[in-house]
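Using the hints, position chain C against chain A.
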Amino acid sequence: MPDVSYDGQTVSVNDEGFFTDPSQWTEDMAPQIAKAEGIDHLTDRHWQVIRFMRHEYQAKGTGPSVRALAKTSGVPVKELYQLFPKGPAKLAAKIAGIPKPRGCI
Amino acid sequence: MSGPIEKVSIIVSKGSLEGIYPGLIMANGARAEGIEANVFFTFFGLDAISRKRHEHIKVASVGNPGLHMATIIGALPGMPGLMTAYMERKMGKLDIPPIPEFIEMIADTGAGLYGCQASCDLFGLTKDDLIDQVTGIITVGEFYALSAGGQIIFT
Chain A
1 MPDVSYDGQT VSVNDEGFFT DPSQWTEDMA PQIAKAEGID HLTDRHWQVI
51 RFMRHEYQAK GTGPSVRALA KTSGVPVKEL YQLFPKGPAK LAAKIAGIPK
101 PRGCI
Chain C
1001 MSGPIEKVSI IVSKGSLEGI YPGLIMANGA RAEGIEANVF FTFFGLDAIS
1051 RKRHEHIKVA SVGNPGLHMA TIIGALPGMP GLMTAYMERK MGKLDIPPIP
1101 EFIEMIADTG AGLYGCQASC DLFGLTKDDL IDQVTGIITV GEFYALSAGG
1151 QIIFT
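If you read the sequences in order, they're chains A and C.
Residue numbering for the first sequence follows the numbering used here, beginning at 1 and increasing consecutively.
Residue numbering for the second sequence follows the numbering used here, beginning at 1001 and increasing consecutively.
In isolation and in its complexed conformation, chain A is listed as follows (with noise of 0.2 Å):
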């Protein structure tokens, strides 16, 4: 498993670029795996999805699917689609620090 530095610190990822320990991340990593990722600037919105991300990750387990996100999260999907355009739930959960979601809706 490669490791990456963000914001100065070293942090272990899978083969895809998600962290293999949610806990090293911190708030201020996330810009800089969301430039890597082709999103300059963070916004409210964005911050908004990213922090659901990682609480449903810490409350159930595991991140939710784009569905899921959009129901809960109060982004609807269009709007997700507009945030994060190659694939919401994916993107955010790279952003967030937290393993991909694994689902199918």
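With beta-carbon atoms standing in for the labels, derived distance ranges:
no., chain 1, residue 1, chain 2, residue 2, range
1, A, G38, C, F1123, 36 to 44 Å
2, C, T1135, A, T26, 41 to 49 Å
3, C, Y1086, A, Q32, 43 to 51 Å
4, A, G17, C, A1148, 23 to 31 Å
5, C, P1100, A, V4, 40 to 48 Å
6, A, Q24, C, G1110, 30 to 38 Å
7, C, G1110, A, D21, 31 to 39 Å
8, C, T1126, A, S12, 54 to 62 Å
9, C, K1007, A, Q9, 33 to 41 Å
10, A, T72, C, K1090, 18 to 26 Å
11, C, F1123, A, P76, 30 to 38 Å
12, A, P85, C, F1154, 26 to 34 Å
13, C, L1122, A, A36, 43 to 51 Å
Just so you know, the hints here were simulated from the structure itself, not pulled from any lab data.
Think of the CB as a built atom: it goes at the ideal place given N, C-alpha and C, for glycine as much as any other residue.
Relative to chain A, chain C alone:
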């Protein structure tokens, strides 16, 4: 072609519940992975985007070995409705949306939804007969042009 899939064009050609869902799940799943997606509804698949029929899609209860049920039972009056209600209940528990809501969601993800021109001619349908989310009615040639550079999935 090597490397990750970047684009898929999915054809939905059946009008039963179990014939329509796989294509929708493929389309939604593609978008969730950041893959560009188009969905092309042809023949009885048009029912999924038809204003009149999209809320009334049923499970095929006759001659459907997948139901593990004698065909003669499946032919009894009311069986399609019963099987459909049963499936819908089970899917509801897994938070799989009903077809109209699912298609609306897929449109919201930015996927293109298209009706088949030939099938629309066959069934006498125009764009007004189709739901708002439909991007357009296209021919098979236009579908191939749209699919260029990506994978085509037939369901």
